[in-house]
Amino acid sequence: MASTGAKILMVIAPEQFRDEELNHPREVFNGAGAQVTVASTRTGVANGKLGYKENVSKTLDDVAGENFDAVVVVGGGGSHQYLYNNKRLHDILRRHHGAGKVVAAICVSGGVLANAGLLTGVDATVWKSDETMKAYTDNKVHFVDKPVVRAGKIVTANGPSAARDFGRTILEALSGK
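Taking our numbering, I'd label the letters of the sequence shown as residues 1 to 177.
Since the hints were made in silico from the structure, they are not lab data. Yeah, the Cβ is synthetic: ideal placement off N, Cα and C, and Gly gets one too. Please note that the accuracy of each hint is not assured.
Claimed, not checked - Each computed BS3-like pair below joins lysine-lysine, with the alpha-carbon atoms no more than 27 angstroms apart:
hint: 1; residue 1: Lys153; residue 2: Lys58
hint: 2; residue 1: Lys87; residue 2: Lys53
hint: 3; residue 1: Lys146; residue 2: Lys177
Said to hold, decoys possible - Per label pair, the in silico range of CB-to-CB distance:
hint: 4; residue 1: Pro147; residue 2: Gly51; range: 29 to 35 angstroms
hint: 5; residue 1: Val45; residue 2: Gly121; range: 36 to 42 angstroms
hint: 6; residue 1: Lys140; residue 2: Asp62; range: 19 to 25 angstroms
hint: 7; residue 1: Asn30; residue 2: Gly117; range: 29 to 35 angstroms
hint: 8; residue 1: Glu66; residue 2: Gly44; range: 28 to 34 angstroms
hint: 9; residue 1: Glu131; residue 2: Ala64; range: 33 to 39 angstroms
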């Protein structure tokens, strides 16, 4: 499961991202020697739903031309407002997926992958809500009611309690296991 040197981009909303969906996978990645970059729609302090504050130094525009081994979209209520229909993020995700890199999303952010067109006909999970299920239905996603689902280089998880397993599954996808 080692991914020493893997470059991983984690994308968060500037407000109301889910704290443990950022921190728990990041702990897993750091423990495996990965280089983690956190980006958002703006720089400065991003506020997690549970009070965690992340100092974000890169925007999606800043990282748009960079290459990563994995792009991970963190969930939380802010994802609906800031990430769901963010064309720059969709472009980053599509480019990396097209290059055979890992793309992943947890909680409501599975809808970001769906809206980017990456989950059509793919088995995936998500935090079940009216909005996420609409995104999955509209984009013909095969919803699987499990904590973590991996479909090749695409990894989805259904929420905070799955965050560590989500991180480990991303590392497995990176290693080709």
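Checking against the hints above, which ones are violated?
The structure conflicts with hints 4, 6, 8, 9, although it agrees with all the remaining ones.
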